[in-house]
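For reference, each letter of the sequence shown is one residue, going 1 to 258 in my numbering.
Be aware that a few hints might be false.
[As the list claims (entries may be wrong)] What follows is a set of in silico ranges between Cβ atoms, one per label pair, in the way DEER data are often shown: (1) 233 - 48: 25 to 31 Å; (2) 227 - 183: 23 to 29 Å; (3) 180 - 245: 25 to 31 Å.
[As the list claims (entries may be wrong)] Within a straight-line C-alpha distance of at most 27 Å, the following computed DSSO-like cross-link-like pairs (lysine-lysine) qualify: (4) 12 - 44; (5) 65 - 12; (6) 65 - 44; (7) 44 - 55.
No wet-lab data here; the hints were simulated from the structure. Heads up, the beta-carbon is just placed ideally off N, CA and C, and yes, glycines get one too.
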Amino acid sequence: MSKIVSGAGRVKSLAKAASLLDCFGRDSRAMTLAELAEQAGLPKPTAHQHLVTLKELGFVEQDVKGDRYRLGIRLFQLGSLYLANLELGREAQPVVDRLARITGETVHLSIFDGLYAVMVDRRESDSGPYQMVMNIEGAPAYCTGVGKAMLAFQPDAAVERVIAAGLVRFTERTITEAGELRADLARVRDRGFAIDDDEHQFGQRCVAAPIRNAAGQVFAAISVAAPAARVPDSRIEVLGELVVQSAETIARRLGWHG
Numbered sequence: 001m002s003k004i005v006s007g008a009g010r011v012k013s014l015a016k017a018a019s020l021l022d023c024f025g026r027d028s029r030a031m032t033l034a035e036l037a038e039q040a041g042l043p044k045p046t047a048h049q050h051l052v053t054l055k056e057l058g059f060v061e062q063d064v065k066g067d068r069y070r071l072g073i074r075l076f077q078l079g080s081l082y083l084a085n086l087e088l089g090r091e092a093q094p095v096v097d098r099l100a101r102i103t104g105e106t107v108h109l110s111i112f113d114g115l116y117a118v119m120v121d122r123r124e125s126d127s128g129p130y131q132m133v134m135n136i137e138g139a140p141a142y143c144t145g146v147g148k149a150m151l152a153f154q155p156d157a158a159v160e161r162v163i164a165a166g167l168v169r170f171t172e173r174t175i176t177e178a179g180e181l182r183a184d185l186a187r188v189r190d191r192g193f194a195i196d197d198d199e200h201q202f203g204q205r206c207v208a209a210p211i212r213n214a215a216g217q218v219f220a221a222i223s224v225a226a227p228a229a230r231v232p233d234s235r236i237e238v239l240g241e242l243v244v245q246s247a248e249t250i251a252r253r254l255g256w257h258g
């Protein structure tokens, strides 16, 4: 996670509490007091004092034994409110809904966090009213349709950061070689949409297109996902055109006029 930066107007006690929350990550979901104090650079008594307050407020929880802390439900609630107010979610809702209805398949809307594609919206074709969801874990950008659709239009440094983090194999089709990934991202740029061909989830195909913000930067993506049996090669081009059109519609609603 990002580090807490200093500033003249910063409240020190709040900054210390935030530094403790910032210690938690994908590889450190539950931590002891000693681990948190060391990573945050705080004395153990100070760290404990702030953790007591954070626990009372619901920002952290303790496990059954009481020797490890993890992020609390209050952060999830705040995150849900943040997502509910995202301009992207608001402007994309009718487009996502229409795409699901036209294709009869599941539609995902995701944003890029630097390494992962974090799903913020999902519409099941037969699920009834539109519902916003949040996938806290996210999915690797290098082996998902939405992830590759976004990654292909990021600076080279962003691509290299993803590669450096490791290209872990999920299926037999997962791209695990850096050169192969770069070549695949080039193909994404050429055709305008990405394909996840059974690369992240076995038996699943996904076609995704990048979404630009008002400044023209790719920060999100929209996809159609379905069992591979329902997405033969002959259907990929059709779905590709649909997701590109949907992505461009959302981008225009966000103020992009490129």
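Taking the hints in turn, this is what the structure says about them:
1. At roughly 59 Å, the beta-carbon separation of residue 233 and residue 48 lies outside the given 25 to 31 Å, and the hint is violated.
2. Distance hint check: the CB atoms of residue 227 and residue 183 are about 27 Å apart, consistent with the given range 23 to 29 Å.
3. For the hinted restraint 25 to 31 Å between residue 180 and residue 245, the CB-CB distance of approximately 29 Å keeps it satisfied.
4. For the proposed pair residue 12 and residue 44, the alpha carbon gap of about 16 Å is at most 27 Å, so the pair holds.
5. Our distance criterion of 27 Å between C-alpha atoms is broken by residue 65 and residue 12, whose separation comes to about 31 Å.
6. For the hint pairing residue 65 with residue 44, the CA-to-CA distance comes to about 19 Å; that is within 27 Å, so the pair holds.
7. A C-alpha spacing of about 16 Å is found between residue 44 and residue 55, which places the hinted pair at or below 27 Å, so the restraint holds.
Hints 1 and 5 from the earlier list are contradicted by this structure; the remaining hints agree with it.
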